Amino acid sequence: MAGKPKLYYFNGRGRMETIRWLLAAAGVEFEEQFCETREDLLKLQQIGYLLFQQMPMVEIDGMKMVQTRAILNYIASKHNLYGKDLKEKALIDMYVEATMDLNELIMHHPLQPSEAKEKNLASIIEKATTRYFPVYEKALKDHGQDFLVGNRFSRADVQLLETILMAEECKPDILSKFPLLQAFKARISNIPTIKKFLQPGSQRKPPLDEKTLTKAKSVFNIGHE
Amino acid sequence: MTGKPKLYYFDGRGKMESIRWLLAAAGIEFEEEFLETREQYEKLLQDGALLFQQVPMVEINGMKMVQTRAILSYIAAKYNLYGKDLKERALIDMYVEGTTDLMMLIITYPFLSAKDKEKQLSVIIDKATKRYFPVYEKILKDHGQDFLVGNQFSWADVQLLEAILMVEEKKSSVLSQFPQLQAFKARISNIPTIKKFLEPGSQRKPIPDDKYIETVKRVLQMSF
Numbered sequence: 001m002a003g004k005p006k007l008y009y010f011n012g013r014g015r016m017e018t019i020r021w022l023l024a025a026a027g028v029e030f031e032e033q034f035c036e037t038r039e040d041l042l043k044l045q046q047i048g049y050l051l052f053q054q055m056p057m058v059e060i061d062g063m064k065m066v067q068t069r070a071i072l073n074y075i076a077s078k079h080n081l082y083g084k085d086l087k088e089k090a091l092i093d094m095y096v097e098a099t100m101d102l103n104e105l106i107m108h109h110p111l112q113p114s115e116a117k118e119k120n121l122a123s124i125i126e127k128a129t130t131r132y133f134p135v136y137e138k139a140l141k142d143h144g145q146d147f148l149v150g151n152r153f154s155r156a157d158v159q160l161l162e163t164i165l166m167a168e169e170c171k172p173d174i175l176s177k178f179p180l181l182q183a184f185k186a187r188i189s190n191i192p193t194i195k196k197f198l199q200p201g202s203q204r205k206p207p208l209d210e211k212t213l214t215k216a217k218s219v220f221n222i223g224h225e
Numbered sequence: 001m002t003g004k005p006k007l008y009y010f011d012g013r014g015k016m017e018s019i020r021w022l023l024a025a026a027g028i029e030f031e032e033e034f035l036e037t038r039e040q041y042e043k044l045l046q047d048g049a050l051l052f053q054q055v056p057m058v059e060i061n062g063m064k065m066v067q068t069r070a071i072l073s074y075i076a077a078k079y080n081l082y083g084k085d086l087k088e089r090a091l092i093d094m095y096v097e098g099t100t101d102l103m104m105l106i107i108t109y110p111f112l113s114a115k116d117k118e119k120q121l122s123v124i125i126d127k128a129t130k131r132y133f134p135v136y137e138k139i140l141k142d143h144g145q146d147f148l149v150g151n152q153f154s155w156a157d158v159q160l161l162e163a164i165l166m167v168e169e170k171k172s173s174v175l176s177q178f179p180q181l182q183a184f185k186a187r188i189s190n191i192p193t194i195k196k197f198l199e200p201g202s203q204r205k206p207i208p209d210d211k212y213i214e215t216v217k218r219v220l221q222m223s224f
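Here the protein sequences come in this chain order: A and B. The numbers in the UniProt record's numbering rise by one with no breaks, and the one at position 173 of the first sequence is 173. The numbers in the UniProt record's numbering rise by one with no breaks, and the one at position 40 of the second sequence is 40.
No lab work stands behind these hints, which were simulated from the structure alone. Check before you lean on any hint, since a few could be wrong.
[Said to hold, decoys possible] Facing chain B, a subset of chain A residues (Cβ under 8 Å, in silico):
no.	residue
1	L51
2	F52
3	Q53
4	Q67
5	Y74
6	E97
7	V135
[Stated by the list, open to error] EDC-like, lysine to aspartate or glutamate: derived pairs with alpha carbons at most 16 Å apart:
no.	chain 1	residue 1	chain 2	residue 2
8	B	K217	B	D11
9	A	K205	A	E31
10	B	K87	A	E31
11	B	K78	A	D85
12	B	K64	A	E31
This one's a predicted model, so the numbers in the text were calculated from it and none came from an experiment. C-beta: ideal position from N, C-alpha, C; glycine also.
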């Protein structure tokens, strides 16, 4: 019996958030078990739940899957969000790898020492507006379709929307020079499963605050290794 | 007309090396254009050849592919090195992501200060022997098969061999507690395409030297 996927992580975005987005986009209900303390993580390690001692971990279809990309790839394939052939998959992969690079920069920003934060934020905004967003703006402009790849909703659309929203949290008018991305954002946000995920009360996690950051640092032993 | 894949990168390992390994393992001949000057890089940028302004870039089957994992996934799928179904692919993905994490520690190593290098070296050996190698040792022991997944040669085997050899370059005795991995290493190294890639004169790149570091820093103006 399959049951709902179960997500093991701390109660915050981190590397699990993209997985939450993708499951939600696919209309898949899921459960979550949160590690609140370092002991919670140690316990999972001790009982052999975590192949490489790390989270994210997702129990899904009888597997204890680890490694964010492995999990995302599996969900996307299973729920037909990965294109119709190898070439579409290749394009999707290029697009999502780049959104994940940008996500990574945003994710690590709160961990920067305070004196480096301002410069780091400027660098993130620069990369978003000169390296990443122009590519997606052009892709949408060139084919004039609603979705990034193959005229069909895919994980590339989900992950781009997630990244856009995270970038807007860094700078609310970050899309000011990207009219097609603005339209894209509105369009994808209106897809029923996505719309539901964007409503209060969903399993979407809020941006990191001081309290959650401190807890995350202690669970993952950041700054102690 | 498609022709051979063409790799655009520095004349060194970096993030392109796993791609070289996989193409070689699949028996695919490839060409390389080495970035030696800033001007070459800027020309690629101006020509719009680098989707996100970055290398690796591989021209393959009419596409200018970027993003290391996208390229590797494409090659693996195209040349039947990605398992026979979704579940095998899930295992392969988990295993290659693990080896990628380990190899990233080694890829970044040459760019560290001498002091950080010392610290990083012990992290590499520690993680290899406590976090990663025990997992693959157990997998091989549990199923007793020649290959990591599905009793068939796959991308996972290629990357694990690559990772093993890279760690051995840092500590030659690192496999001493891992008899299954020792046998695995010998076995995979003997596969004809792999054996050929391991011979002198192949397109396998040597351990990064100062010239490589200097070239990367100069061409990218240290903006990774």
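Structure-based check of all given hints:
1. L51: Where the cut-off is 8 Å and the nearest Cβ of chain B is about 6 Å from L51(A), the hint holds.
2. F52: At about 5 Å, which falls below the 8 Å cut-off, the nearest Cβ of chain B leaves the hint on F52(A) intact, so it holds.
3. Q53: holds, 6 Å
4. Q67: Holds. Min distance 4 Å.
5. Y74: Since chain B brings a Cβ to about 5 Å from Y74(A), closer than 8 Å, the hint holds.
6. E97: At about 4 Å, which falls below the 8 Å cut-off, the nearest Cβ of chain B leaves the hint on E97(A) intact, so it holds.
7. V135: Holds. Min distance 6 Å.
8. K217(B) / D11(B): Satisfied, since the Cα-Cα distance of roughly 13 Å is no more than 16 Å.
9. K205(A) / E31(A): holds, 14 Å
10. K87(B) / E31(A): violated, 21 Å
11. K78(B) / D85(A): Cα-Cα ~11 Å, so holds.
12. K64(B) / E31(A): violated, 40 Å
Comparing the model with each numbered hint stated earlier shows that hints 10 and 12 do not hold.
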